[in-house]
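A.B. asks: Take a look at the letters that make up each chain.
Number of protein chains: 4
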Amino acid sequence: MAEPASDLRVAVLGVGMMGAFHADALATRTKGARVVVVNDFAPDKAAEVAGRIGARVVADPLEAIRDPEVDAVLIATPGKAHAEQVQACLDAGKPVLCEKPLTTDEDSSYALVEAEAALGRPLVQLGFMRRFDAEYVALKELITTGGLGNPLLVHCTHRNPSVPEFFNSEFMIRDSVVHEVDVARFLLDEEITSVRVLRGVATSAAPAGTSDPMIVVFETASGRLVTDEIYVRTGIAYEVRTEVVGETGSATIGLDQNLVRTSTDGRWGGQITPGFVERFGQAYDTELQRWVAAASRGTIDGPGVWDGYAAVAVCEAGVKAVQTGEKVPVELKAKPGAPASAAALGTDAEPGITEPDLIGGRP
Amino acid sequence: MAEPASDLRVAVLGVGMMGAFHADALATRTKGARVVVVNDFAPDKAAEVAGRIGARVVADPLEAIRDPEVDAVLIATPGKAHAEQVQACLDAGKPVLCEKPLTTDEDSSYALVEAEAALGRPLVQLGFMRRFDAEYVALKELITTGGLGNPLLVHCTHRNPSVPEFFNSEFMIRDSVVHEVDVARFLLDEEITSVRVLRGVATSAAPAGTSDPMIVVFETASGRLVTDEIYVRTGIAYEVRTEVVGETGSATIGLDQNLVRTSTDGRWGGQITPGFVERFGQAYDTELQRWVAAASRGTIDGPGVWDGYAAVAVCEAGVKAVQTGEKVPVELKAKPGAPASAAALGTDAEPGITEPDLIGGRP
Amino acid sequence: MAEPASDLRVAVLGVGMMGAFHADALATRTKGARVVVVNDFAPDKAAEVAGRIGARVVADPLEAIRDPEVDAVLIATPGKAHAEQVQACLDAGKPVLCEKPLTTDEDSSYALVEAEAALGRPLVQLGFMRRFDAEYVALKELITTGGLGNPLLVHCTHRNPSVPEFFNSEFMIRDSVVHEVDVARFLLDEEITSVRVLRGVATSAAPAGTSDPMIVVFETASGRLVTDEIYVRTGIAYEVRTEVVGETGSATIGLDQNLVRTSTDGRWGGQITPGFVERFGQAYDTELQRWVAAASRGTIDGPGVWDGYAAVAVCEAGVKAVQTGEKVPVELKAKPGAPASAAALGTDAEPGITEPDLIGGRP
Amino acid sequence: MAEPASDLRVAVLGVGMMGAFHADALATRTKGARVVVVNDFAPDKAAEVAGRIGARVVADPLEAIRDPEVDAVLIATPGKAHAEQVQACLDAGKPVLCEKPLTTDEDSSYALVEAEAALGRPLVQLGFMRRFDAEYVALKELITTGGLGNPLLVHCTHRNPSVPEFFNSEFMIRDSVVHEVDVARFLLDEEITSVRVLRGVATSAAPAGTSDPMIVVFETASGRLVTDEIYVRTGIAYEVRTEVVGETGSATIGLDQNLVRTSTDGRWGGQITPGFVERFGQAYDTELQRWVAAASRGTIDGPGVWDGYAAVAVCEAGVKAVQTGEKVPVELKAKPGAPASAAALGTDAEPGITEPDLIGGRP
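Residue numbers (the UniProt record's numbering), protein chains in the order written: chain A, 1 to 363; chain B, 1 to 363; chain C, 1 to 363; chain D, 1 to 363.
Simulated from the structure, these hints should not be mistaken for lab results. Check before you lean on any hint, since a few could be wrong.
[As the list claims (entries may be wrong)] Subject to a maximum C-alpha distance of 16 Å in a straight line, what follows is the list of computed EDC-like cross-link-like pairs (lysine to aspartate or glutamate):
no., chain 1, residue 1, chain 2, residue 2
1, A, 327, C, 326
2, C, 327, A, 60
3, D, 333, D, 105
4, B, 327, D, 326
5, A, 45, A, 69
6, D, 327, B, 326
Pulled out of the complex, with its shape left as it was, chain A reads as follows:
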């Protein structure tokens, strides 16, 4: 056996479901990376994951970030810990892949935007994995190449089979709708300027006071409408669909999800992806492989700190919209280095790397 080229040494902070999934992916199927440090507020959990993949446990997350053997950081801790941890990564000059949300409020998110701008180079990548899903990539490509003409409407459908009891209406905005916020910004390449939430009859599976499903409506800077049905207790499967309606055509993804089509018992059909792993496993792996490649060059390759801030701002407006029933404007602060009137997003990825190529090589 030979000594391979040196690997990116990663610290994984938070090894709940998502963090453990990433830790295993880094350890077993991501080329060019190795998890050297695992951290979790639950020491047992940290020890279990670290033991499984041959890493050290470091009890203090900030210490883990500063660890001299750590080249880059993956943050999958609860949102309220993110502000401090991302800032620590910036302080240490280490690339970081931060699961959504960037932080839990607009101001702390914007502070990170400013901190990264002061540093002068992109280090913070947000875990909006759908941008790496083959279907979203193909849909974006179709829009970009003019296959649908000018996009006029986006319709999103986001259905979860089940969620914990504490997922109330506000939580649905912050944790589920946040994905559609990024999808809309990604597909339309412009900011969201207002949010409205329509609350109707709720499923009997929802706790009292929680509107599940809801219809969320975004307006964008150019006046486009985006609708999003968010329904997280369907009891059925994980169904995520997006349709873009343009001037010369419409296109839908997430409709024909099936490996095998059967005819049995008088019916034809297929299995719907039961959970996010089946639906977005490829997207998570591609995201990670490409982040490792970019982080090895000291940069990022995907949605950045501004995308994280914008999503937090829209969700904050969304929570107000849930509570008031009104249309709530989204007012973003100035983008560092960009004229305030800029319409397009200016995602932080390196120029010239705009599509997943599944190959995350390092020079």
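Please build the complex by placing chains B, C and D on the supplied structure of chain A, with the hints as guidance.
C.D. replies: Just chains B, C and D now, with coordinates in the frame of chain A:
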């Protein structure tokens, strides 16, 4: 950057389209492997690929196999070179992943079966990548778990957009139908006992004397029928479908291949996978990742030398069937270590590892 | 040739596109009916259609209604003529099938509700043909039999390939959205209580000031939400889809409209129904056959005068909503003979005839 | 009520499932026809149907045919009665719609071909209703207009949920495969020249000695291949699919049969048509409406006596092929009035009426 656990050092023999594809996959997206040696009968091609991925060129394939820095071998040379090269791998005790065909005739293939049996452990894996395709895996699982009842019929459709001029009817059997031979054996878990080829009207794109399309019919040991439409000059796309018809249900794969469904110009629909990379890229990568994991343990994880021999034997009968128009029996020699009457295949993979898990970890 | 049982003798008022379609259907493929009188404000048109199907022209519509040889009336004149003509049918005690709208304002529609109530038996059927479409019938059946659990949301999509220049936003509500008004009432079996219209970026094919597409949102008496994308200048085809999202499942119609699925030019797919005849031809014919059967018994079999009034009231609110941007309540007057608080619709069809059976026989 | 134009007076012979279905269709939803006479070897059954639709019972089928009040005859009696009854229709000069088979053997079928030729005008229409199914019509149109290039292969799938015990392999050929015989001749517009039947493992639901499923292979005059999977005890639903593979494209019908697509219980899908009424109800009704229109003019509009004879001849070869396992040639006698070498079918329909227009008007 850290020193990772030692990687499997691979020699890639033959870097035409398929070999170069594998070499790039090993170099850039297969965890735990490194290409250290590249060999090709065309020195320029070898140098180009080796340069791209940081490997050495070794001009003599047998020397490449014996190279002390080589842990395992990937053979993607022309079929007529396989017999000698696979034997050399067995002689060197090194795991090998051999692209189809195992060899170009039954006798030399059976010699390798015997040679591996004499060695006493499985070292030869065949590149029947469809066994690692998520759809075939799901279809196999559906059969195995009884979801269709006893399988009665298999219908295969294999359509290529185009092939080189030299793809005559015999070549279509050896190069294209061979995949359906393995698919039928894999899905039904029994041997094919006869082959018939029905030749009808050919596309005007076919050279004189070549029957394209053809209908190939297999019978299996238990009397099941397998039909295969093979059509390699459709001009359309790469369409591979398989339907299994069982006593209590039927199931089809390859039908709803699309990333995006569009409505444009009065029509709805999606793109068909244009080539084998789009259709089977995931299967090739999973095959390679799992082979690397197994080879690192000195074994294989997938179809073995017997599967390679059986496929060669069936294709040889198929070529006779093309030429004579008759139903040609397939008579396999005794399986080493197995009673001659054994019905099931006894694939050479390690017991207990029967489904792709996408994670090719090494202990 | 034999003398058949006597046919229902029908007067067709208005033989524009819709009326001529109905006249031909009555004359050539509706069992048990005969068109005896044709009327149109354009004498040439009336003469042409009458000549084609062997009917008399009567120049005055009210005279046509009162004609002693006329048993029943089909009204396909412009909406502004409906109030007087439907009233004349009631006065004459003759069954009438009236194309939407019932009338052009709430008050005149309600006057007809009251007039029919005074008469004491249902004579007025509204031409909401979707209630006879096999897909809508199957969807309704699925809801009624509990296959989706309690329905929570309805999503409608209504896309026309093109419309005349005068189709402004208000017209889109009155002429296109009116179908979804009836669909929502039919599927959910309750009244619509408010309308909201969201206006976004318009297609460049729309005249200045016209919002095409728009998103219309209904609330129902029990608080359910219904969304409707209305887009009438897509340039593509006639696409009508409806999805119902219930507590235990969702169901969509209009998705897989195709006769033939092709694989050509690297794409698979099918033709979308180009126009309303291809999409709803069966529904129109079934509606007519069943109306003829019912009218021969002196009654109706389908949506009635109350459904017509409710649709006019909702559309009137919808037009206000387009103009003001506000959520506009719908306040229906009391239903004659029903307590004001009744939640369910109480469609006017005869009891016991609730599903299309394709067989419109007369005793 | 008015006296309508005179109706075609029809005698229905045989009111088992199929005959009663037709009798009801004529009585309740076929414009321009009336059943005046009902005949069945079971007097009770005849009386029941006749009573339901207001017709007379005539006990002797030949007398029914000759009845002066009868204009045209619909034969749905058992096949062995057809030869005499069709001949009687020819003798009486009355148009007849004869359910398959024309007769039970080649010679008697050919005798009817000659008898009609002697008469000099087409009076005998065969009940191959698929030629009136909207999907088959669209598929035929696609071929005729060159949308697939030269058709090379046809693949048929014919699956019944269940059949009576007496449906042995021979019966499957005569009763089920006969439809695919006509479909192949219709789509390819040429004669079938040989039949082969491949018998594999049978479903355990099949009686001993019955091969269910079977693969039937036709060759056509120009050398094209047609495959047909016939499986009549699937226990699932009524699934009829046809795929045509041409030089420039392929097309499939029968794949996406569903009214409503649901997502429930982790699966998406739809109902497969449970029986022939759901699958071919429209085809039967269109066939009947067009036959009535043609018969009122003293002629036919659809497959004729030659098509009936050819189907009988192919099925006779098919039965021999089942019994011998050999490829059995089909040798048709000379077509009256046509050179023996004529390649195309020359269907007996009136020239210029080649597509269903759903409107079966009479002048």
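A.B. asks: For each hint, tell me whether it holds in the structure or not.
C.D. replies: Okay, the hints, checked on the actual structure:
1. 327/A - 326/C: Holds, at about 11 Å.
2. 327/C - 60/A: Violated, at about 53 Å.
3. 333/D - 105/D: holds, 13 Å
4. 327/B - 326/D: Distance of about 11 Å is within 16 Å: holds.
5. 45/A - 69/A: violated, 22 Å
6. 327/D - 326/B: holds, 11 Å
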